[in-house]
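There are 2 protein chains.
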Amino acid sequence: MNKEEMIKDLGKEVFPIGNENIEYAQYFVGDSYLNVLSMEGVIIGNVTFAPGCRNNWHIHHGGGQILLVTGGTGWFQEWGKQPRKLKTGDVVHIPAEVKHWHGAASDSWFAHLAIEVPGDNKSNEWLEKVSDEEYNNLNK
Amino acid sequence: MNKEEMIKDLGKEVFPIGNENIEYAQYFVGDSYLNVLSMEGVIIGNVTFAPGCRNNWHIHHGGGQILLVTGGTGWFQEWGKQPRKLKTGDVVHIPAEVKHWHGAASDSWFAHLAIEVPGDNKSNEWLEKVSDEEYNNLNK
Chain V
1 MNKEEMIKDL
11 GKEVFPIGNE
21 NIEYAQYFVG
31 DSYLNVLSME
41 GVIIGNVTFA
51 PGCRNNWHIH
61 HGGGQILLVT
71 GGTGWFQEWG
81 KQPRKLKTGD
91 VVHIPAEVKH
101 WHGAASDSWF
111 AHLAIEVPGD
121 NKSNEWLEKV
131 SDEEYNNLNK
Chain F
1 MNKEEMIKDL
11 GKEVFPIGNE
21 NIEYAQYFVG
31 DSYLNVLSME
41 GVIIGNVTFA
51 PGCRNNWHIH
61 HGGGQILLVT
71 GGTGWFQEWG
81 KQPRKLKTGD
91 VVHIPAEVKH
101 WHGAASDSWF
111 AHLAIEVPGD
121 NKSNEWLEKV
131 SDEEYNNLNK
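Going down the list, the protein sequences come from chains V and F.
If you read the first sequence in full-length UniProt numbering, its first letter stands for residue 1, the second for the next number, and so on.
If you read the second sequence in full-length UniProt numbering, its first letter stands for residue 1, the second for the next number, and so on.
Calculated directly from the structure, the hints in this document are not laboratory data.
We put the beta carbon where it would ideally sit given N, CA and C, even for glycine.
Certain hints may be false.
Stated by the list, open to error - The list that follows gives simulated cross-link-like pairs (lysine-lysine, DSSO-like), each with its CA atoms no further than 27 Å apart: (1) F:K99 / F:K87; (2) V:K8 / F:K3; (3) F:K99 / F:K3; (4) F:K87 / V:K12.
To be verified - Negatives, chain F to chain V, calculated, CB over 12 Å: (5) N2; (6) N19; (7) A25; (8) Y27; (9) G41; (10) N46; (11) Q65; (12) R84; (13) D107; (14) S123; (15) E128; (16) D132; (17) N136.
Said to hold, decoys possible - Pulled from the structure, derived: some chain V residues nowhere near chain F, Cβ distances all over 12 Å: (18) K12; (19) N19; (20) G30; (21) N56; (22) T88; (23) H93.
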């Protein structure tokens, strides 16, 4: 990890970056980092994506997720909809049962809080990768 | 508001500061700003305190609150416990039914996200001010 480049893109490291996101690496393209900030009351993670990193298409069952962007530039896309470019301060409400992905821009680190909306029997369904073709088209 | 001083203390404005916190001003000493980032799924507010500003002692009934510090220096204190100095990146779990207050240091702007832990029949009970004597002792 090039921390100097990261801080330049993020503005500052608001929440500690944590460790390499090994547990979910199989569902990501590229390098990401995860720091779980809260496991009680509301589950909150700080997710940091290296440039070019994005997660696979996925669905939150039983309860959605809220993203709060704390630094850098990234993307969010729901299946069948136009991608949305994200910057520091942006808020994304991801409804339950909606297929989507999120991640960094190709030329910027990207950090967001992921806040789990409580629900019964929550689970994540991980699907196909965001292809290089789809992703590269975004960043043109 | 002196925005230049604010940004200097906060490092950067991560989430937009929003408007003067008029609705809750009666429960605060000093000037604060509130920007509600989410009203659905999980209620999330961005609260910014001018130097010296703090909220009154209060209790969250029916569900707690999580604070995520995004900039500056501040304080959190539970009734009968030592005050905790807060800086960017800190996380505070405030349990339901526990009397507490939070706010800025006397010489720094302070910003945190306030994340409401969902619960049934939630309410806030606002109590006495943090006196100048108590507060000035902290900042010595």
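Against the structure, the hints come out as follows:
Taking the CA atoms of K99 of chain F and K87 of chain F, the gap is about 21 Å. The hint holds against a cut of 27 Å. The suggested pairing of K8 of chain V with K3 of chain F holds, with an alpha-carbon distance near 22 Å, which does not exceed 27 Å. Between K99 of chain F and K3 of chain F, the direct Cα distance comes to roughly 32 Å. Violation of the 27 Å bound is thereby established for this hinted pair. A hinted pair counts as satisfied when its Cα atoms are at most 27 Å apart, and K87 of chain F with K12 of chain V qualifies at roughly 14 Å.
The Cβ of N2 of chain F lies farther than 12 Å from every Cβ of chain V, with a closest approach of about 20 Å, so its non-interface assignment holds. At roughly 15 Å, the least C-beta separation between N19 of chain F and chain V is larger than 12 Å, which holds for a residue marked as non-interface. Listed as outside the interface, A25 of chain F is consistent with that label: its C-beta sits roughly 24 Å from the nearest C-beta of chain V, beyond the 12 Å cut-off. Remark: the non-interface label on Y27 of chain F is consistent with the geometry, its nearest Cβ contact in chain V lying 22 Å away (cut-off 12 Å).
Not every CB of chain V is more than 12 Å from the CB of G41 of chain F (nearest about 4 Å), against its label as outside the interface. Separation of N46 of chain F from chain V is inadequate, the least Cβ-Cβ distance of about 9 Å not exceeding the 12 Å criterion. Look at Q65 of chain F: its CB is around 8 Å from the nearest CB on chain V, not clear of 12 Å, so calling it non-interface is violated. The Cβ of R84 of chain F sits about 16 Å from the closest Cβ of chain V, beyond the 12 Å cut-off, so the non-interface label holds.
Every CB of chain V lies more than 12 Å from the CB of D107 of chain F, the least distance being 20 Å, so the non-interface label holds. At roughly 17 Å from the closest C-beta of chain V, the C-beta of S123 of chain F stays outside 12 Å, upholding its exclusion from the interface. Residue-level check passed: E128 of chain F sits 26 Å from the nearest beta carbon of chain V, beyond 12 Å. For D132 of chain F, the condition that its CB be more than 12 Å from all CB atoms of chain V holds, with the nearest at approximately 31 Å.
The claim that N136 of chain F is not at the interface with chain V holds, since no C-beta of that chain comes within 12 Å of its own (minimum 29 Å). Consistency note on K12 of chain V: stated as away from chain F, yet its beta-carbon is not over 12 Å from all of that chain's, at 5 Å minimum. Listed as a non-interface residue, N19 of chain V keeps its Cβ farther than 12 Å from every Cβ of chain F; the least gap is roughly 15 Å. Against chain F, the non-interface label of G30 of chain V holds: every CB pair exceeds 12 Å, the least being about 24 Å.
Against the 12 Å criterion, N56 of chain V stays outside the reach of chain F, whose nearest CB is about 22 Å from its own CB. T88 of chain V, annotated as away from the interface, has a beta carbon of chain F within 12 Å; the closest lies near 6 Å. Once the 12 Å rule is applied to beta carbons, H93 of chain V is inconsistent with being away from chain F; the minimum gap is 6 Å.
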